[in-house]
Amino acid sequence: MTEPQTRPESPAGDPSPDAGRMLTALVQLRGALQQAVLPLEVPEVEVHRSARADMIAQLEDYVIPRLMTIEAPMLAVVGGSTGAGKSTLVNSLVGRRVTQPGVLRPTTRSPVLVHNPEDAHWFGQDRLLPDLERVTTATNDPSALQLVPSETVPAGLAVLDAPDIDSVEEANRTLAAQLLAAADLWLFVTSAARYADQVPWQFLREAAERSAAVAIVLDRTPPEAVETVASHLARMLASRGLKDSPLFTVHEGPVDDEGLLPASSVAEIRGWLESLAADAEARAGVVRQTLEGAIRNVAQRTHLVADAETSQVEALTRLREDAEKAYAASTAAVREASADGTLLRGEVLARWQEFVGTGELLRSLETRVGWLRDRIVNAVKGKPQQAERVQVAVESGLETLLTEHAEAAAERAEASWQSLASGQALLRDAGEDLGRASRDFRRRAERAVRDWQRDVLEMVREEGADKRTTARFLAYGVNGLSVALMVVVFAHTGGALVGAEAGIAGGGAVLGQKLLEAVFGDQAVRSLAERARQDLERRVAELYDAERARYLDLLASLGVDEGSPETLRQAARRVDDLRFAQSARQEPGAGSAQGSAQASVPGSGTGTGVAGGTGD
Amino acid sequence: MTSLLEGAKKLVTRGSDIGARVEGLAQAVEASRGRLDDEVVDAAGATAARAAHRLRLSADHTVVALAGATGSGKSSTFNALTGLELSAVGVRRPTTSWATACVWGSEGAPELLEFLGIPERHRVARDNLLSQGREDTALQGVVLLDLPDHDSTEVSHHLEVDRLVALADMLIWVLDPQKYADAAIHDRYLAPLATHKDVMLVVLNQIDRVPEERRETMLGDVRRLLAADGLTGVPVLGVSSREGWGVDGLREEIARKVASKKVTKQRLEADVRASALRMRTVTGEAAAPTLSRERLEALEDSFAEAAGVPTVVKAVEESTRVRANRATGWPATAWLSRFRPDPLKRLHLDLGQVGRELTGTPRSSVPEPTQVQRARVDTEVRALVDDVTAGMQPAWGHAVRRASVSRLPDLGDRLDKALAATDLGVERLPVWTGLLRALQWVLVVAALVGGAWLALLGVATYARVPEPPTPEWNGWPLPTLLLLAGLGLGLLLALGARVLVSATARRRASVADQRLRQAIGEATEELVVAPVQAELDAYGRAVDGLATALR
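Residue numbers (the numbering used here), protein chains in the order written: chain R, 723 to 1338; chain G, 4 to 554.
Isolated chain R, as found in the complex:
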């Protein structure tokens, strides 16, 4: 950004330290607006998105450059609907053909800026409208700005012919809005056919809110209808807060071969513009009024964007909490299921009982004959085999549990996101199906469970390193002991078991515990079981965190900053404070320029049939 130039008091200028501070505040505001993205599809976000884009564009195109070069010529933008006669009017005002009017609609060409040759240095690339490339010849490129110097335009004034605001070409519409936002004075052209159209009146309402200076030109009206239309139009203007805007009428007539209207038709407008250009103070007043109105408007609307940003932050928080809750529920369910002994049922128990050789031992109080018989058989067959079968049973039970709860959590999270419009849009764009566990989850779960079993094995091996000589240890081997530990872990709980199972499950675990205590001692067994369970819990948490990250990463990638609503509000308040301070300094006791007071443009006369409400 270039430094604001320090100049002596000029009619249009504020004392420069003030301007400097305001400039800084506006630049900060623009930065805050740019950071405040609105990515989530909460209700009514589109309106706020376009408001934010408009505000950033206006700050960049108009407010900041204007504040830096407050002495630049006043820019009058001629805008209006398709076919209202803007180009013909501009040509006639300037006195020669500078833009190409067309019969076919819509006309697409670069906007044309007509200025006095002395003022050429004010319209360089880095001044107003910096993203439009400056050219000197007529082109069809809507992103270029054609500069035409002309002696007939008085110094201190420039006229810009904008594209139409309502044609099929969307590029025209957006460019017209951008140019009107950068204007000091609007010359809004309408016609007998168009003066009641909705789209032009939306623009005029925005101008009224912003206190921009507006003059209405009624063009293309058959002579017999002028009175009626003009008075109706005047009443519509008055009822929409544009009472003080001058209304000019241009009579429809033949154009000469240059395409210009006779000078008499546009004399009134021309005279008014020239007097405005000559009177430096009046000009400065117009510029200042429009600029202040724009700043006030931006500061006001920033609060709305800040509110929208707050609702974005809230929506984001809600989505994050929903995802976290879904996965927390699953983690808790897995923890509970793996700790209350139910994993013992079925296969695990059968394998365990085979391994230990207690076939019928617990279910009936048979004699030790059977036990002895099974032990001998096991000694012949070999322990490790039995231990492996129990391990496999444990694996598939845990794995099913983990996978099912991961799927259930993904389903819950997706359902809760689907119930919000913002969540729906995120899920749609996610690329993968977030309602199911990730594809490789089963593989990772398998690996995690095997790693856990290996860790338990290590624990037992470490703990039993010096107990190898114990007969029982030799008999069962490390594998068997680690299986026993797993069984103890699974049964270690305060949860109640139902019916017959209590005996079986508890019995299996009790046997396992007795076995371990015999080898390691009571205290050591407890601490081993605790460590084994913590290890399992840690691995489970890891697995589910990775699943949950799919959801949370989506949210993080949106780039919504929780502090940006407050930053926005502060920036807007700072701009408002500076504004009040400035106006209080200029007009002490007269109050600040508040409310949507219409810009009082000094007019040398109003159009026919406006003043006093003549007509029906």
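Bear in mind the hints are in silico, worked out from the structure with no lab data behind them.
We put the beta carbon where it would ideally sit given N, CA and C, even for glycine.
Just so you know, not all the hints are guaranteed correct.
In silico DMTMM-like links for lysine to aspartate or glutamate, alpha-carbon gap of 25 Å or less [said to hold, decoys possible]:
id, chain 1, residue 1, chain 2, residue 2
1, R, LYS1047, G, ASP381
2, R, LYS965, G, GLU157
3, G, LYS200, R, GLU892
4, G, LYS200, R, GLU891
5, R, LYS1047, R, ASP1162
6, R, LYS965, R, GLU990
Residues of chain G placed beyond 12 Å of chain R at every Cβ, according to the derived structure [stated by the list, open to error]:
id, residue
7, ALA231
8, GLU383
9, ALA533
Please arrange chain G on chain R, whose structure you already have, making use of the hints.
What follows is chain G alone, placed relative to chain R:
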């Protein structure tokens, strides 16, 4: 909605394709309600209802609507076509606030005008006025509407236009040299109605304001813009209603289109197609899938496991073994086995038929499904649904999934009921056990007799009482024989019976397994298969309905 379906069915007898299409759409709407987004379904339902209603009304009339921007000259054109000064033309904008209708041939028209919502005071009948010229017979059967504008500051006008554009059969868009490129008409009306280009006409009015040499270029430009909207082939006529140029040509064009009497059906067909296409994007075109055998079996297995069927079957085997052994075993030691608990009793499944009648269907004590088993059931249900919804669109896939889990909360109760209500066939032991038991007791008695006899003989020898004669058989004294035979045969019988008992126990276990699995199969059917099948049937109906509508 069923009345809609019936109404649509009656239309089929009118012999046209359109009735079948409307019925197809209505069928798809009914099948999709509650499963697809309400917005989509309601819109399609409204289209179907409107089409059905319109078809019931006069087939001899065609509703032609003049629509356009404010100031384009709709009312002037309307006046020129009717030959009367019916609509007010003015300089102040907007001019027309309500729709006016002019009817050529008012037989059967009042209902149609009610349907369009045109009040009495805005209707004019053309056939009972002054002498009918040639031009009026050409337009016989036309209901010409002059609509308000769609782009002025009056919002009520837009709403009226939107409503009537949806109801009219033929649309004439009136453009003018100033506004023909406005976004308002192209983006809001022309482009979205590209599917209806067969029932549209475009008129470029106020052509007298354009210099003569530029007129053809301008018409070409209008055609270019229409092509960009997707409306190639729509006739564009240059007209000046103020000067009267081209009005005859316009009248002829309208008469030509109306004479074929097909405009109404064309319009409704375009409506139904557009609606059905929108529904199809959400429904998809895949045919209704069937449930695979393997998946169902896997599902039943997981249900059986969750119900504890293996436990019960094992308990049946054990219980039979225990009881049969007790009955046929050697009486001397058999009574010891009373100390072993009967597994079935512990599960409360031994009451048998009579017991069940007395106590209703009591809850059994089979353990509840554990977490792992529930997880297995859930996984199998999920796999089944995945299999079935593989080709479906997400909305229907979700509906099937919801249906599949809707009854799973009842799982525990239902399985319990299935289990308890099944007759395991264990309360009575086979007949041969009774016989063996009797035989065992006979042998015991014989052994006892022999033993007592020997004891008496022993006492007699001890007391030096003269020994009575002892019968012999094959050189063996009878009491000894009795004793030895009793004990020996008893033991042999017991051992042999054990083998028989194992076989019986296994057989009984498999019978019980079969019965239980059947009961579980019914439970599976009720809890999962039936709801899923209902959704699949609805999906099939929806796809068929849309196929009919889009044929």
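Structure-based check of each hint:
1. R/LYS1047 to G/ASP381: Judged against 25 Å, a Cα distance of about 20 Å means the pair holds.
2. R/LYS965 to G/GLU157: Satisfied, since the Cα-Cα distance of roughly 21 Å is no more than 25 Å.
3. G/LYS200 to R/GLU892: Holds, at about 24 Å.
4. G/LYS200 to R/GLU891: Holds, at roughly 22 Å.
5. R/LYS1047 to R/ASP1162: 23 Å, holds
6. R/LYS965 to R/GLU990: This hinted pair holds, its Cα atoms lying about 19 Å apart.
7. ALA231: 8 Å, violated
8. GLU383: 10 Å, violated
9. ALA533: Given that every Cβ of chain R is farther than 12 Å from that of G/ALA533, nearest at about 22 Å, it holds.
Comparing the model with each earlier hint shows violations of hints 7 and 8; every other hint is respected.
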